[in-house]
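Undergrad: Chain by chain, the residues:
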Amino acid sequence: QQQVKQSPQSLIVQKGGISIINCAYENTAFDYFPWYQQFPGKGPALLIAIRPDVSEKKEGRFTISFNKSAKQFSLHIMDSQPGDSATYFCAASSTGNQFYFGTGTSLTVIP
Amino acid sequence: GAVVSQHPSRVICKSGTSVKIECRSLDFQATTMFWYRQFPKQSLMLMATSNEGSKATYEQGVEKDKFLINHASLTLSTLTVTSAHPEDSSFYICSARRPSGDGELFFGEGSRLTVL
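Residue numbers (our numbering), protein chains in the order written: chain A, 1 to 111; chain B, 1001 to 1116.
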């Protein structure tokens, strides 16, 4: 059973636009929700993360929105750039336990 | 700089030989490290959890005799693919979880294994 469901599978956005990737989870014990960015041939890099005690976290052009009641969280990339073209994974974990990853979203930002 | 270092980044070997991949936690002591396998355009598949000083915990369907994991120190875990076959060709990635603070998970750069 997929612990974390991610959508869309792929996304094409115009340069300067907003990219939005969504994730949903079922396990209410999860208390840490990171997003990772992965370029081809490289390991995933931690982008931004949030805990359920806040509804939003912003770091530069990247924002996580978190809806605890709906058990959903999303990544917003503002002013998307061609260099943002990569695969993005959401994840969830509870303290001391393994991480569960979404299936990934391939983002293409068109110049 | 890198928090987790993985080596080698690419390795090509002949069928039947063994290959060792090293994963080092550079920024903190990691009692737990994870090994993943990733197929093209797919998500990360957890293979095993490496525990310092004890046996690794393997996920269902992962052959522990084929994928030997050793976590001899708090900063080093190794994955040895024994008697490699072409179907073992894949992208292997290790990770380490920070033991304090938010417990962030950091990944190595990955190792591309090609078995001829």
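These are computed hints drawn from the structure, not numbers from a lab.
Quick caveat: nothing in here was measured; it's all calculated off a predicted structure.
Some hints could be false.
[Claimed, not checked] Here's a subset of chain A near chain B, in silico, CB distances under 7 Å, partners left out:
#1 F39
#2 K42
#3 G104
[What the hints assert, rightly or not] Facing chain B, from chain A, some residues (calculated, C-beta under 7 Å):
#4 P40
#5 P44
#6 F101
Here a beta-carbon is modelled for each residue, glycine too, at the ideal position from N, C-alpha and C.
Undergrad: All hints, please: hold or fail.
TA: Hints, one by one, checked against the model:
Hint status for A:F39: violated, given a least beta-carbon distance of 10 Å to chain B, over 7 Å. The interface hint given for A:K42 holds, since its Cβ lies 6 Å from the closest Cβ of chain B, which is under the 7 Å cut-off. Among the interface hints, the one on A:G104 holds; its C-beta lies about 5 Å from the nearest C-beta in chain B, closer than the 7 Å criterion. At a threshold of 7 Å, the smallest CB-CB gap from A:P40 to chain B is about 9 Å, leaving the interface hint violated.
Interface restraint check: A:P44 against chain B, minimum CB-CB distance 5 Å, threshold 7 Å, status holds. For A:F101, the interface hint holds, the least distance from its beta-carbon to any beta-carbon of chain B being 5 Å, beneath 7 Å.
Going down the numbered hints, you'll see the structure goes against 1, 4, while the others check out.
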